[in-house]
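Trainee: Model the full assembly from the supplied sequences, consistent with the hints where possible.
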Amino acid sequence: MNTFQAMVLDKIGDQTKLEMKQLSMDDLPDGEVTIRVAYSSVNFKDGIVSIRNQFVESYPLVPGIDLAGTIINSTDERFKTGDEVIVTSYKLGTGHFGGFSEMARVPAEWVVPLPKGLSLKEAMILGTAGFTAALSVQRLEDNELEPGQGPVLVAGATGGVGSIAVNILAKRGYEVVAGTGKSNEEAYLKGLGAKQILNRHEIIDTDQTPIREEKWAGAIDPVGGKTLQYILSTLKYGGSVATCGLTSGIGVSTTVLPYISRGVNWLGIDSVECPMNKRLKVWNRLGDDLKPTTLNEDLVNEISLKELPGVLADILEGKVRGRTLVKL
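For the record, in the sequence shown the residue sitting at position 283 is 283 according to the numbering used here, with numbers rising by one throughout.
A portion of the hints provided could be inaccurate.
Below, in silico cross-link-like pairs of lysine-lysine (BS3-like), each with a Cα-Cα straight-line distance of 30 angstroms or less [to be verified]: (1) 21 - 306; (2) 236 - 195; (3) 182 - 195; (4) 319 - 306; (5) 236 - 190; (6) 306 - 91; (7) 182 - 171; (8) 17 - 306; (9) 236 - 171; (10) 278 - 291; (11) 291 - 236; (12) 190 - 116; (13) 291 - 121; (14) 17 - 327; (15) 121 - 171; (16) 327 - 121; (17) 319 - 226; (18) 116 - 91; (19) 226 - 195; (20) 116 - 291; (21) 195 - 291; (22) 121 - 195.
Simulated DEER-style distance windows between Cβ atoms [stated by the list, open to error]: (23) 52 - 281: 30 to 40 angstroms; (24) 144 - 260: 14 to 24 angstroms; (25) 144 - 52: 31 to 41 angstroms; (26) 208 - 268: 17 to 27 angstroms; (27) 60 - 190: 41 to 51 angstroms; (28) 313 - 281: 27 to 37 angstroms; (29) 253 - 144: 22 to 32 angstroms.
I should point out that these hints are in silico values taken from the structure, not numbers from a laboratory.
C-beta: ideal position from N, C-alpha, C; glycine also.
Mentor: Listed below in structure tokens is the structure:
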């Protein structure tokens, strides 16, 4: 394949344009591993890059922070032609051509062998969102969260991270409470394993109360902002919240009271520069004990590259449920 299709973000003067183009292999950036991409996926960050043009290090750029496919060439002895692999995070889709392309070339140190227990399609149904959800669960359990300690709240529960987090936690025996602004998604969330659904307005700090009634043994928060403020004020003694997103903003107003009077933990989750040894552990668990039970059509919307711009706009407006898979 000397030429291939890719979604390209370019800038001319002050104007940016996202369009599908035909590229050649010579257009690909440097890297030790060349991959025929089978699937990518759409994340909130992809919308920020492609529509708001944030995090973009240079133009032109092929966005897409996730990809899964088959190696067609490698100059690194750790990988060979025919290997099935995953690439997520690092500078993929922000400072290096990403996954919204039929072909990709990346540094070998970014490449994860496809874990046992996952197909290429399943790996991209998970993608960065699934990796982030699993990393959040692992961090919570590393900080002594166990089933039976009380309810665990998942904010932004119909999004990519939230949906997968609900399902993983439910599979592991937790009592999951799902927070969402979508009142018509109760059946969807209960199908993923949520025991209770709360409107997002019920889990927002509107008056900057530093400490409230204890409610949650733990929480996963892809939302940030006033939702995170509320969570910090309502964690049970010794409880933890894993913060992994900013869909509601980056500003957080809190006090020391939850930390010194209840010993709570605010855990930061970084999927971008997560060290490879930890990354491999989490991905292997996603093919094993952390593999969601609902990697099916109810969780997934599959689209073509041509349909991608509309979905990128929708995800920024909170109109996308679950995971959107891009089939290349």
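Trainee: Does each hint hold? Answer for all of them.
Mentor: Hint-by-hint comparison with the structure:
Taken as a hint, the residue 21 and residue 306 pair is honoured in the structure, with Cα atoms around 10 angstroms apart against an allowance of 30 angstroms. With a CA separation close to 19 angstroms, the supplied pair residue 236 and residue 195 stays within the 30 angstroms bound. Taking the CA atoms of residue 182 and residue 195, the gap is about 16 angstroms. The hint holds against a cut of 30 angstroms. This hinted pair checks out: residue 319 and residue 306 have alpha carbons roughly 19 angstroms apart, not beyond 30 angstroms.
For the suggested pair residue 236 and residue 190, the alpha carbons sit about 24 angstroms apart, so the restraint of at most 30 angstroms is met. A hinted pair counts as satisfied when its Cα atoms are at most 30 angstroms apart, and residue 306 with residue 91 qualifies at roughly 24 angstroms. Using a Cα cut-off of 30 angstroms, the hinted pair residue 182 and residue 171 holds, with the two alpha carbons roughly 23 angstroms apart. Restraint check for residue 17 and residue 306: the C-alpha separation of about 14 angstroms stays at or below 30 angstroms, so the hint holds.
Simply put, residue 236 and residue 171 have alpha-carbon atoms about 22 angstroms apart, close enough for the 30 angstroms limit, and the pair holds. Between residue 278 and residue 291 the CA atoms are separated by roughly 17 angstroms; this keeps the pair inside 30 angstroms, and the hint holds. Among the hinted pairs, residue 291 with residue 236 is consistent with the structure: their alpha-carbon atoms are about 28 angstroms apart, no more than 30 angstroms. Distance hint between residue 190 and residue 116 is fulfilled; the C-alpha atoms sit about 28 angstroms from each other, no more than 30 angstroms.
Using a Cα cut-off of 30 angstroms, the hinted pair residue 291 and residue 121 holds, with the two alpha carbons roughly 13 angstroms apart. For the suggested pair residue 17 and residue 327, the alpha carbons sit about 22 angstroms apart, so the restraint of at most 30 angstroms is met. Taken as a hint, the residue 121 and residue 171 pair is honoured in the structure, with Cα atoms around 21 angstroms apart against an allowance of 30 angstroms. Simply put, residue 327 and residue 121 have alpha-carbon atoms about 9 angstroms apart, close enough for the 30 angstroms limit, and the pair holds.
A distance of roughly 21 angstroms separates the Cα atoms of residue 319 and residue 226; the hinted pair therefore holds under the 30 angstroms criterion. Only pairs whose Cα atoms come within 30 angstroms are accepted, and residue 116 paired with residue 91 is accepted, the gap being roughly 26 angstroms. Between residue 226 and residue 195 the alpha-carbon distance is near 24 angstroms, which keeps this suggested pair within the 30 angstroms criterion. With a CA separation close to 11 angstroms, the supplied pair residue 116 and residue 291 stays within the 30 angstroms bound.
Straight-line distance between C-alpha atoms of residue 195 and residue 291 comes to about 20 angstroms, which keeps the hinted pair within the 30 angstroms bound. In summary, the hint linking residue 121 to residue 195 is supported, as the alpha carbons are separated by about 28 angstroms, within the 30 angstroms threshold. Checked against the given bound of 30 to 40 angstroms, the beta carbons of residue 52 and residue 281, roughly 33 angstroms apart, stay inside it. Take residue 144 and residue 260: their Cβ atoms lie about 18 angstroms apart, and the range 14 to 24 angstroms holds.
Range check, residue 144 to residue 52: Cβ separation about 38 angstroms, and the 31 to 41 angstroms hint holds. The hinted window of 17 to 27 angstroms between residue 208 and residue 268 holds, with their beta carbons roughly 22 angstroms apart. A hinted range of 41 to 51 angstroms for the beta carbons of residue 60 and residue 190 is consistent with their spacing of about 44 angstroms. Checking the proposed 27 to 37 angstroms range against residue 313 and residue 281 shows it holds: the Cβ atoms sit about 35 angstroms from each other.
Separated by about 27 angstroms at the C-beta atoms, residue 253 and residue 144 satisfy the suggested range of 22 to 32 angstroms.
Hint check: no violations occur; every hint is consistent with the structure.
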